[in-house]
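Using the hints, put the two chains back together into the complex; each one sits in its own frame.
Line by line, the protein sequences give chains A and B.
In this text, residue positions in the first sequence follow this note's numbering: the first is 147, and each later residue adds one.
In this text, residue positions in the second sequence follow this note's numbering: the first is 51, and each later residue adds one.
Simulated from the structure, these hints should not be mistaken for laboratory data.
A portion of the hints provided could be inaccurate.
[As the list claims (entries may be wrong)] Label pairs and their calculated CB-CB ranges:
(1) A/Gln-216 x B/Lys-145: 29 to 37 angstroms
(2) B/Lys-85 x A/Glu-162: 34 to 42 angstroms
(3) A/Gln-216 x B/Gln-229: 25 to 33 angstroms
(4) A/Asn-159 x B/Thr-126: 30 to 38 angstroms
(5) B/Gln-161 x A/Glu-208: 55 to 63 angstroms
(6) B/Lys-147 x A/Glu-162: 34 to 42 angstroms
(7) A/Gly-168 x B/Gln-59: 38 to 46 angstroms
(8) B/Asn-55 x A/Glu-204: 21 to 29 angstroms
(9) B/Gly-116 x A/Glu-162: 37 to 45 angstroms
(10) B/Arg-66 x A/Lys-161: 19 to 27 angstroms
Every residue, glycine too, gets a C-beta built ideally from N, C-alpha and C.
For reference, the chains in residue letters:
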Amino acid sequence: MNKAYDKMSENNNIKEELNALGFSRRTSKAYRIPEGYFDSLHDETVQRKNRSPYKVPEGYFEKLPNEVVQKLKPQKTTVRRMVLPWVGIAASLLGLIYFFGGSPMPDQNPSELMSSYEELYLEDVIDDFSDEEIAELDQPENLEDWDTEDIDDYVEENIYELNETEFFELIDENI
Amino acid sequence: MQVKNRSDQEILDLFRKDSSKEEAFKILMHQNQEKIYAIIRNVLHSHFDTNDVLQNTFIKAYRYLGDFKGESAISTWLYRIATNECYNFLRKKNKRKEGSLDEQASQFGEQLKSDPYFDGDEWEIELAKAVDQLPEKQKMVFNLRYFQEMKYAEISKVLDTSEGALKASFHHAVKKIEQSIRQNV
Numbered sequence: 147m148n149k150a151y152d153k154m155s156e157n158n159n160i161k162e163e164l165n166a167l168g169f170s171r172r173t174s175k176a177y178r179i180p181e182g183y184f185d186s187l188h189d190e191t192v193q194r195k196n197r198s199p200y201k202v203p204e205g206y207f208e209k210l211p212n213e214v215v216q217k218l219k220p221q222k223t224t225v226r227r228m229v230l231p232w233v234g235i236a237a238s239l240l241g242l243i244y245f246f247g248g249s250p251m252p253d254q255n256p257s258e259l260m261s262s263y264e265e266l267y268l269e270d271v272i273d274d275f276s277d278e279e280i281a282e283l284d285q286p287e288n289l290e291d292w293d294t295e296d297i298d299d300y301v302e303e304n305i306y307e308l309n310e311t312e313f314f315e316l317i318d319e320n321i
Numbered sequence: 051m052q053v054k055n056r057s058d059q060e061i062l063d064l065f066r067k068d069s070s071k072e073e074a075f076k077i078l079m080h081q082n083q084e085k086i087y088a089i090i091r092n093v094l095h096s097h098f099d100t101n102d103v104l105q106n107t108f109i110k111a112y113r114y115l116g117d118f119k120g121e122s123a124i125s126t127w128l129y130r131i132a133t134n135e136c137y138n139f140l141r142k143k144n145k146r147k148e149g150s151l152d153e154q155a156s157q158f159g160e161q162l163k164s165d166p167y168f169d170g171d172e173w174e175i176e177l178a179k180a181v182d183q184l185p186e187k188q189k190m191v192f193n194l195r196y197f198q199e200m201k202y203a204e205i206s207k208v209l210d211t212s213e214g215a216l217k218a219s220f221h222h223a224v225k226k227i228e229q230s231i232r233q234n235v
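Bound conformation, chain B alone (with noise of 0.2 angstroms):
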């Protein structure tokens, strides 16, 4: 389906009204729905987990799409209540998560492989794996910056943390990957 892009104004405007508001919602999905299906992908993984976390988040952002004050960019809000919803996912697997970290890992690691979604060679499977150990907030600026490329101006506004604090877990998050991957590749 093609969809012509709109701006925020524009998407808001036809929101605001019931006979457009369901073609202006189905617009914003259109314009955003990749970019935020990466930014969960990569942190959880699999297809189906992250469709579960892209629908509430969609399903949300209708609810209180009437509200928003545009502070910020339509999309760097979907960003923000994307990552909430990856954070609120994780607490409740973690909860459920059994055995060492290695055991996990080595788990993790087969799971992935035997994913008919993932091809990714051994190289990307350390990649993923390191990424999974690491703690919820440095798993998600790392996810930010090097898959999404995101600038340190809008992954402050996205996580409503200081750029310096920013750069501080990205710099930790990189050093425990490299040596994750420097050790099992």
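Just chain A, same shape as in the assembly (with noise of 0.2 angstroms):
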């Protein structure tokens, strides 16, 4: 280590940490200064240290240990909320699979595969359900409209935190 890591080491106070690398605001002669104000410079220098320019809605931190907790709640499974995440993360699959070759259908599209995929996962499961149910059905708005980014997102956020034995449930289950 250099000598200005040294420094840095032997103390554990911030304030002496930042002088020893140099860090301060300059002070010219050039400038007057007003009357006693080295006299409380020391304790406006510790409030603005302290005080934050973020600004955080009132009364935010009181709502959000109630608004987490609702989330964590088992919310009432609709077939549109039960369908729909198991056909983007079939759809994320093949866009995987797609993507990183091996490619069952080179000439389609990954809009193309989700669509088809979704039309043959729906076919499979409709037998499942009553009339009612399949009038809830509808088509989904957004998944044809994803480009790549959305795909990766879409994995990133719901695959890679699954464990091997969960992957493989998921596709044992799914598709």
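Given below as structure tokens:
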């Protein structure tokens, strides 16, 4: 380690450490200083350091725990809510296969792949639904518009977090 | 809401009982949310982005708290989840960034000025802009050391990085920020 790091390791006080790194505000003799300025400078500096320019909406922290706990509670499951995530995940997996080689359908673009899988999937599960539930089903509005970044994001958020067992369970159960 | 502070062990004991799981989690949130909010906010700057990442952090914490082994303080473990969530968020956001670094910095400065939840002066805007230009790791190290005043030993646990490497990162970050502020203020 060089000398600068040695100085940093000598103290655990951030202000002393910044001083050792020469990170301080400039002062100039060309400017006059209000009387008593330096008497209160330390307190004002500490206040400024502790003051955050970032504001938080009123009552935010009081409401947050309940808001998060509400999100953790199981939601009422509708057919749409039940089906769409699996269509999305399946489409993402097909997207992955398409992009990383071994494309089963090289002439189709990702949105065509998604649409064709979506149809297959709905045909496969539709027998289990009542007429009422079928009436609730409609085509996902945004899936066809997904670009490669959307697929990457979806895979990152939903697939990468699964461990190996969960990943293969998901495939067994849904594809 | 007044919530009595509890030790990590008390929170874990409460969390492992179905009847007090929710209460334990709310206590955990009350005890840690402001500090974690500050960690995220100093990196992401926008309250709304911070709120998303903060909620994701706690949702993940809820999912895995039952398996928490107690090898660190719960707060350190939460900071670690929060920093990982920040990295994920930044990676996605960076993919969508366009324009040169100067253009991005200028656009970022304008966003800050028009943000109703930001009332920093010119120096604070320049500081935020300089921090925003740092590579992810340096940004996080600077944030935890400068704004949160964490000791290197704790940052080392949060970021899983040696203290020597953290000191080097902080040193480089301070020099870059100092240079950026000198140029612009």
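Okay, the hints, checked on the actual structure:
1. The supplied range of 29 to 37 angstroms is met by A/Gln-216 and B/Lys-145, whose beta-carbon atoms lie about 31 angstroms from each other.
2. At about 23 angstroms, the CB distance of B/Lys-85 to A/Glu-162 disagrees with the hint of 34 to 42 angstroms.
3. Between A/Gln-216 and B/Gln-229 the beta carbons are some 46 angstroms apart, a value that contradicts the proposed interval 25 to 33 angstroms.
4. A beta carbon spacing of about 21 angstroms between A/Asn-159 and B/Thr-126 contradicts the range 30 to 38 angstroms that was offered as a hint.
5. A C-beta distance of roughly 27 angstroms is found between B/Gln-161 and A/Glu-208, which places it outside the suggested range of 55 to 63 angstroms.
6. Taking 34 to 42 angstroms as the suggested C-beta distance range, the pair B/Lys-147 and A/Glu-162 conforms, at roughly 36 angstroms.
7. In this structure the hint that A/Gly-168 and B/Gln-59 lie 38 to 46 angstroms apart at CB holds, the actual value being about 44 angstroms.
8. Taking the beta carbon of each, B/Asn-55 and A/Glu-204 are about 24 angstroms apart, inside 21 to 29 angstroms as hinted.
9. Checked against the hint of 37 to 45 angstroms, the C-beta distance between B/Gly-116 and A/Glu-162 comes to roughly 42 angstroms, which is consistent with it.
10. Between B/Arg-66 and A/Lys-161 the beta carbons are some 42 angstroms apart, a value that contradicts the proposed interval 19 to 27 angstroms.
Checked against the numbered hints above, the structure violates hints 2, 3, 4, 5 and 10; every other hint is satisfied.
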